[in-house]
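K.L.:
Chains as they are written, first to last, in the working numbering: chain A, 1 to 85; chain B, 1 to 402.
Don't take each hint at face value.
[Said to hold, decoys possible] With a cut-off of at most 25 Å between alpha-carbon atoms, the simulated SDA-like pairs for lysine to any residue come out as follows: (1) A:Lys68 <-> B:Pro66; (2) A:Lys68 <-> A:Val57; (3) A:Lys68 <-> A:Arg8; (4) B:Lys122 <-> A:Arg80; (5) A:Lys68 <-> B:Ser128; (6) B:Lys122 <-> A:Thr69; (7) A:Lys68 <-> B:Ala125; (8) B:Lys170 <-> A:Val57; (9) A:Lys68 <-> B:Pro61; (10) A:Lys68 <-> B:Leu64; (11) B:Lys170 <-> B:Ala281; (12) B:Lys122 <-> A:Lys68; (13) B:Lys170 <-> A:Val11; (14) B:Lys122 <-> A:Glu54; (15) B:Lys122 <-> A:Leu59; (16) B:Lys122 <-> A:Val63; (17) A:Lys68 <-> A:Glu54; (18) B:Lys170 <-> B:Phe133; (19) B:Lys122 <-> A:Val57; (20) B:Lys170 <-> B:Pro193; (21) B:Lys170 <-> A:Leu59; (22) A:Lys68 <-> B:Leu65; (23) B:Lys122 <-> A:Ala60; (24) A:Lys68 <-> B:Val127; (25) B:Lys122 <-> A:Glu61; (26) A:Lys68 <-> B:Gly155; (27) B:Lys122 <-> A:Arg8; (28) B:Lys122 <-> A:Arg14; (29) B:Lys122 <-> A:Leu84; (30) B:Lys170 <-> B:Glu282; (31) B:Lys122 <-> A:Leu9; (32) B:Lys122 <-> A:Phe45; (33) B:Lys122 <-> A:Leu25.
[Unchecked claim] Not the full set, but computed from the structure, chain A residues with beta-carbon under 8 Å of chain B: (34) Cys16; (35) Asp36; (36) Gly38; (37) Arg53.
Honestly, the hints are just simulated from the structure, not real lab data.
Just so you know, these numbers come straight off a predicted model, no measurement behind them.
Don't be surprised by glycine CBs; every beta carbon is placed ideally from N, CA and C.
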Amino acid sequence: MTEFTIERLVVLLRECAGEEEGVDLDGAILDEPFEDLGYDSLALFNTVSRIERECSVQLAEDVVTEAKTPRALLAEINDRISQLA
Amino acid sequence: MSGPVVTGLGVIAPNGVGTGEYWSAVLRGESGLGVLTRFDPSGYAARVAGEVNVDPAGRVPGRLLPQTDHMTRLALIAAEEALTDARFDPAEVPEYGAGVVTAASGGGFEFGQRELEALWSKGGAYVSAYQSFAWFYPVNTGQISIRHGLRGAGGTLVTEQAGGLDAVAKARRHLRDGAELMVTGGVDGSLCPWSWLCMIRSGRLSTVADPRRAFLPFDRGASGSVIGEGGALLVLESAEAARRRGGHRYGEIAGYAATFDPRPGSGREPALGRAVEAALAEAGLRPEQIDVVFADASGVPELDRVEARTLARVFGAGAVPVTAPKTMTGRLLGGGAALDLATALLALEAGVIPPTVHIGQQAEPDLLDLVGPEPRELPLSTALVLARGFGGFNSAMVVRRG
């Protein structure tokens, strides 16, 4: 399984949780807190469930509250993907 | 003369999106009814509906799109129009001084059907987290409240087509209790196979396939109701708050009453007449002081007969003009009576009674002065709006100009 990228995360965020006005998801968002990007826990829950299906991984139950930024979430996802290999 | 005042309108209807577009379509007698396109209706007994096909992109915030049913998107569009129209500024009212009461019927059926299909065909992991509330019947009240920071009293009335008036009456009670401003009325929409089947089971839907012949209230060819989507949201303020803010006044809610029908088979009179009389009494008006009636206009012959006889008994046969602009939109469930109320206010302001379209041979020509396919111009200062909801709900509301 290939690496899960920030570009893919942005696509799924848009699809599963929409896009906040005034936020540029195509900009440098890796270290922006999800909260500042306009995403609450339900938005992340919906997106994470989609990522789990797409990547055939199971993320920790508390990932939605623990991974505060896209960088932290990507690290968590890619960690699980590498365990699959 | 101290009833609450309507200071803002937001309309979304099958024949027009936005108050201006809707009102000019109504005056042209333009119908929004057609054969269903949202899904293939060919396997169903009823095929005609009033759809509102509007692209929500750019009209509803992007973050809200994945979490909203079609009807909630329509409600958000109408709420924004109403609040803009009223020049609402949250800074002008106390934090808990403004609230939302809307009418609903079943909730976000289309969203719910999609997620249930995902559950059954693929499994729980495929169900949207937003299914937790997107289908929920009070969801429009919640989403409007959150989006506009209306943190005061909130509620949802579920009395089918009577709900649009009942919600306004409930909002009026909150104003009496100290709220300054309420967003109220209703926007509804349930055009998906799941809800369609439920509504067909009521036995009240017209199975006539011609959109010009399917919904003919008070006509000899009446064959049942046609359902549409949309409705209206109104900004309602106490007379004092409206005076202080100094905005536009569409009119005053002068009287209201709701009654419940006797059990079917009891042989007792339907309770619509009592609702009319009590609403007039509260407004302090005699029947001859009402200038126009916006009928419930069911399209089910027996219910039309009840309404025609009730009006003839209270007002005298043919003594008051009666109209049913819903012949151009269909019955909008929780949104229908709110749209009639908005239409009545627009009529009072313009001095024009909107038309009733598609009617050929009237069923009760001796009882009703039914306004025909052309609008009728005359000075108007009061209107009575009637609404009945499936299951025995009757509501009547009197509005006064200015």
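K.L.:
Can you confirm whether the C-alpha distance between Lys68 of chain A and Pro61 of chain B stays at or below 25 Å?
P.N.:
Given that 25 Å is the threshold and the Cα spacing comes to 23 Å, the pair holds.
K.L.:
Between Lys122 of chain B and Leu84 of chain A, does the CA-CA distance stay at or below 25 Å?
P.N.:
holds (23 Å)
K.L.:
Are the Cα atoms of Lys122 of chain B and Leu9 of chain A separated by 25 Å or less?
P.N.:
Within the cut-off at roughly 23 Å; holds.
K.L.:
Take a quick look at whether Lys68 of chain A and Val127 of chain B sit within 25 Å of each other, Cα to Cα.
P.N.:
Satisfied, since the Cα-Cα distance of roughly 24 Å is no more than 25 Å.
K.L.:
Within a Cα-Cα threshold of 25 Å, do Lys122 of chain B and Thr69 of chain A meet the stated pairing?
P.N.:
violated (30 Å)
K.L.:
Are the Cα positions of Lys122 of chain B and Val63 of chain A separated by 25 Å at most?
P.N.:
Between Lys122 of chain B and Val63 of chain A the Cα gap is close to 24 Å, so the pair holds against 25 Å.
K.L.:
Was the hint right that Cys16 of chain A lines chain B, CB cutoff 8 Å?
P.N.:
holds (6 Å)
K.L.:
Can the restraint linking Lys122 of chain B and Leu59 of chain A be considered satisfied, given a maximum Cα separation of 25 Å?
P.N.:
holds (20 Å)
K.L.:
Given the hint that Lys68 of chain A pairs with Ser128 of chain B, does the C-alpha gap stay at or below 25 Å?
P.N.:
This hinted pair holds, its Cα atoms lying about 21 Å apart.
K.L.:
Lys170 of chain B and Leu59 of chain A were given as a pair; does the straight-line alpha-carbon distance stay at or below 25 Å?
P.N.:
Violated. Lys170 of chain B to Leu59 of chain A sits at ~46 Å, over the 25 Å cutoff.
K.L.:
With the threshold set at 25 Å, check whether the alpha-carbon distance from Lys122 of chain B to Arg14 of chain A stays at or below it.
P.N.:
The given pair, whose Cα atoms are some 22 Å apart, holds under the 25 Å limit.
K.L.:
Is the hinted pair Lys68 of chain A and Arg8 of chain A satisfied, with a Cα-Cα distance of at most 25 Å?
P.N.:
holds (18 Å)
Checked against the numbered hints listed earlier, the structure breaks hints 6, 8, 12, 13, 20, 21, 26, 33 and 35; every other hint is satisfied.
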